[in-house]
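Peer 1: Numbered by the working numbering, the letters in the sequence shown go through residues 108 to 527 in order.
Computed Cβ-Cβ distance ranges for the label pairs, DEER-style:
1. Ser-453 to Ser-312: 20 to 26 angstroms
2. Arg-186 to Arg-154: 17 to 23 angstroms
3. Ala-497 to Tyr-298: 32 to 38 angstroms
Note that these hints are calculated values from the structure, not bench results.
Cβ coordinates follow ideal geometry from the N, Cα and C atoms, glycine included.
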Amino acid sequence: MSRTFAQKALERASGESGLEPGRIVDAYPDLYMSHTASWRCIRTLERMGVDRLYDVDRIAMVMDHISPANSAKTAADHRLCREFAEKMGIRTFYDVNAGIAHIVLMEKGHVRPGALIIGTDSHSTIYGALGALGTGVGFSEITAAWVTGRLWMKVPESIKITIEGPPPAGVHPKDIMLRLIGDLGADGATYCSVEFHGSYPAAMSVSERMTLCNLAMEMGAKNAFVPPDETTRAYLAEAGVAPDDYVELRPDPGAVYRQEEVIDTRALSPQIAVPHTVDNVVPVEEVEGTRLDQVFVGSCANAKYDDLAVAARYLKGRTVAPGVRLIVTPASATIMSRAAADGILSTLLEAGATITNPGCGACAGNGGAMADGEVTLSTANRNFRGRMGAYESRIYLSSPATAAASAVRGVITDPREVTV
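Produce the entire structure from the sequences given, and follow the hints as far as they go.
Peer 2: Set out below in structure tokens:
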């Protein structure tokens, strides 16, 4: 039987064979990620009266969504998590200085090809950038996995998306994903494993693949996947992961997909998701000139090193338009340190940006709030009403290139019109 990536990954995680889409299996995840709200899992565990965990080495806790604490309640939640991790011997614990959970865990070598990873964040699909099956679950599921080590999972159907390139100047992975989301819809891949193939994903960096897999969630995907290759292996080697520590899984020739899509990026223009849904996508030409109050460069979708570097190219030697607030939130401390050493942060600061500490920041509602009627252009992955402050504010989504070019002019701008 020819199998998709998801079938192979769940066969490996469950120990069963011949799995068909729709089958329910007991899977044993390799890693359970929980973020700032890990306190919910801890309190549930206390109510259950359980004090023994299945395998503490499979638990990862990252204090990223509200970091540092912005209230006494959050500070107490963080303290509870720290004390619990120390008491239970959880070694994979990253505090408020580390950054966004997804990025930190990938940088530190905790995410590996072929692994099954569950996390208390819907964008856990990002782990597919390293050839893992990552998926978001609730706090109760994480708590259950802490205790039993397993999770019921349904084998998903798969969608094969072939992306050909390269795209023209000014067009980036975010633009490609916004176009796909606009074409397929917010529910176009619901509970499906989305596999990315083609010449363009094969030529991408791991960081760019993260953007693909992260945003697959906005089509409803259960997980996303880019086939591991030499680029993957080099990233893992830099993170200290030896080749013997993982198993690369790939779909078989002749694997059966629910549907197959092909996107040719060579004629694509920069794309914008307009309020108030991610699948409400138009070419930048249709919204050029929209006045902005704020620009946000951040989130697990687009605050990686290369994203900051792209933004800096558009801002170098320029200043942010009067009346516009530019907020830049690096995804991790490692990224921030590298950007500081390379002069990227200086370029952003000189242009008038406000640089915040690594973490989720405004994407998670932690800073960058808008007043009624204000407008933000954001590189985050969602633009739902009220996500960044007032219910009557508006969020547009774009690539870092479009965001930076727009920050300079104070209105939504086609980055191809700004010389870099």
